[in-house]
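J.: Given the sequences, and given the hints that come with them, work out the whole structure.
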Amino acid sequence: MSTFPLTYALQEHAGDGGALAQYAGVMLVVPFLAFLLIILIGKRLPRQGAEIAIGAMAIDFVYALALFFRNATEGIVHEEQFEIARFGFGGGRQVAFEWGWVVDGLSTMMFLVVTLVALLVFIYAVGYMKGEIRVTFFFAALCLFAGSMMLLVAAPNLVQLIVGWEGVGLASYLLIGHYWEDRANSSAAMKAFYVNKVADIGLILGTVILAVTAGTFRINEILAQAEEGAAALGAVAVVAGLLIFFGAMGKSAQFPLHVWLPDAMAGPTPVSALMHAATMVTAGVYLIARMFPFYEGMAADARPWILGIGTVTLVIGAMLALVQDDIKRVLAYSTVSQLGYMVAALGAGGYVAGLFHLWTHAFFKALLFLAAGSVIHAVHSNNMSEMGGLRTSLPRTYWTFIVGSLALAGIPPLAGFWSKDEILATFDHAGVTAVFWLGVATAFLTAFYTFRMVLLTFHGSYKGHAHPHESPRVMTVPLMILAVGAIAGGFVLIPGIFSGFHHWVEVRQVFNPEEVEAGFDLAALIPGLIAAVSGVVAAWFVYSPDAETQEARDRVSIPGLYPLLRHKYYLDDIYWYGIVQPIKGPLARGVNWVNQYVIDGVVNGVGAVTMALSRFVYGALDQKGIDGVVHGVSAATDSAGTALRRLQSGRVQQYAAGFVVGALVLVLAVVVLR
Amino acid sequence: MILFQFLLVAALLFSFGVYGLLVRRNAVMVLLSVELMLNAVNINLVAFESVLATSALIGQVFAVFVITVAAAEVGIGLAIILMIFRNRRSANVDDFNLMRL
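Line order of the protein sequences matches chains L and A.
Going letter by letter, the first sequence gives residues 0 to 673 in numbering that gives the first Met the number 0.
Going letter by letter, the second sequence gives residues 0 to 100 in numbering that gives the first Met the number 0.
These are calculated hints, taken from the structure and not from any lab test.
Do not rely on the hints blindly, as some may be mistaken.
What follows is a set of in silico ranges between Cβ atoms, one per label pair, in the way DEER data are often shown [as the list claims (entries may be wrong)]:
| no. | chain 1 | residue 1 | chain 2 | residue 2 | range |
| --- | --- | --- | --- | --- | --- |
| 1 | L | A634 | A | L11 | 48 to 54 angstroms |
| 2 | A | A70 | L | A635 | 44 to 50 angstroms |
| 3 | L | V669 | A | D94 | 33 to 39 angstroms |
| 4 | L | S648 | A | A70 | 29 to 35 angstroms |
| 5 | A | D93 | L | V669 | 30 to 36 angstroms |
| 6 | L | A634 | A | T67 | 48 to 54 angstroms |
| 7 | A | V60 | L | A662 | 20 to 26 angstroms |
| 8 | L | R673 | A | L11 | 21 to 27 angstroms |
For each residue, glycine too, the CB sits at the ideal point set by N, CA and C.
T.: Right under this line is the structure:
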């Protein structure tokens, strides 16, 4: 099936979006205004600032929805840039720093996903965070999170993209460490921040290389130069492409930089949902998609790396998800795995397939996280060994969770089925057979661990101690809305019937059609479907019989492999003993010495001088000088007043005597001086 | 030298007025002393006019003005004294020290 003529037609006739696209910058400003407003007055409001956050996100959502429909009907390609600074460097060359927004198929799709998920998560968080500490700050940071993501997605140039990128990192740090009283949580926040920072070096280096070579930060101009085949850019394209992909690996949790993501579960569940579905981990996928024409043309040699890393990630993520006890960690590793699918699809040349999976994944993963949050809210534990049998006490959560799980497992006709099929078809068409079969095998694993989670949580007998109760409506209604998305989200791209999504995201200023089409492919559909269904069935056989302990319930335990998985491939240990400790040891000692003897000496010296100086200023100048004058003036005024008040006796005749004496003096003066 | 005698009378009258103003304790008498001083001034005005003999009779006119103002002043002064007397049962100026700071 070829849709390219239609795509080109769309692109040629794509409108500029009119005033709607021209003022799309409103969407970028509103969350930051809300952030400031919540910080300033949030505490005094009845819901502690949540209403501002929800209002701001609702504005953004409506705007994004309007843009989305406009793009779906006529296509939008629009870009606004405002120069904010200009720097010249050697040879009279100048680099302009600009802010702006780009509205096209890719960004409108992301706007909608980000604002929809953020809005539902904000509403849900009102119920989830009720009575928790620092609620105002929480909502302020959520606004910062969503706002930074909007800034990133709208970025027409790499500078703004990095600013949004770092803003997302900062907000995620604040939110993951929301309960920082617990050391584990603040460590998790720092880990996320550091791992992302390592990856950011790649992004920044890649950006600098591209900007210096191409002479501009504008993404579209860089892409246009890449299309024209500019020789200077061609020389650095692969290196820059790999460096930028390294940046994307951090945010999108690709192996081996995925380690921060499971630990990020330390944050409150709404944060996890937002982070995993819409705002943070999709940033890397978005970046690759934004630079897709670059990776498709000039930096094509970087693509096997993207495909390889994505494939490794999708397999290892799914395997790790098999052994987790923490329900949120299952979902976290599942996210790692699904992100691997997206990245691998983009690496294989499947632009639409990768983004389509991002789209459907946003719905069902947000749903699963929020439903898991509802469960955690009910049983006060993250561990599935303390759950079980919850389907009777949390019926609404159960049914929405089932919908999300079926979507994640890829059971038709739910959203995940269509996008996973699209990705598998991409692998098949790209001719990467090994990746295709790994993808199919992972589809089996996905279905298996998903239903392991469902069965351990909702079936069998209850093993916890709290008394589970269904969550309030403010939490379950977002679940139901997302469940609708998880069911219907896939219908926007049904091969051969309706290919709307295809056109929506292909409306771009610079776009070369992908080499690899997905489309309808029985060879991919059937193995994928068999893998998904057999995964669900296998999980049912293994996990549906109940048992007392978690070890007994977790029947499958392969010696050799399972300890490896439980220790997360020892990656954390490798990082800790291989990187963190060597740096910590000698480096820390050296820094400590410098600190003790050099910096402290200087600081103490400055302190002592300051003390002496201030003592002099206090004693001599302030006390004796300035205070002396002030006290003198007041004492003089006081004594003068005391002396003069005697004149004011109130006796009329004394006054009259004064007049007479005065008159006599005047007369005498006239007589004498004449 | 008729002017000198007029001036002498006026000066005596003024001195009596000043004396009364400073010495008498009764507020009414103080007020009367002020009237004496004003009348001394009037005599002076009229006496000088008779010598200078201006066509517009400035001295006489001015004396009439002083009499008018004096009448008004006495009216207000007596009213004040009456009010104070009602409140304090005394017309002694030594008791009128309410304006003291």
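J.: Each hint should be assessed against the structure and marked as holding or not.
T.: Now the hints, each set against the structure:
1. The beta-carbon spacing between L/A634 and A/L11, approximately 51 angstroms, falls within the hinted interval of 48 to 54 angstroms.
2. One distance hint, 44 to 50 angstroms for the beta-carbon pair A/A70 and L/A635, holds here, with the actual separation near 48 angstroms.
3. Between L/V669 and A/D94 the beta carbons are some 37 angstroms apart, a value that agrees with the proposed interval 33 to 39 angstroms.
4. The beta-carbon spacing between L/S648 and A/A70, approximately 30 angstroms, falls within the hinted interval of 29 to 35 angstroms.
5. Restraint check, A/D93 to L/V669: a C-beta distance of roughly 33 angstroms satisfies the suggested window 30 to 36 angstroms.
6. Range check, L/A634 to A/T67: about 52 angstroms between beta-carbon atoms, so the 48 to 54 angstroms window is met.
7. Roughly 25 angstroms separates the CB atoms of A/V60 and L/A662, a value that falls within the hinted 20 to 26 angstroms.
8. For the hinted restraint 21 to 27 angstroms between L/R673 and A/L11, the CB-CB distance of approximately 24 angstroms keeps it satisfied.
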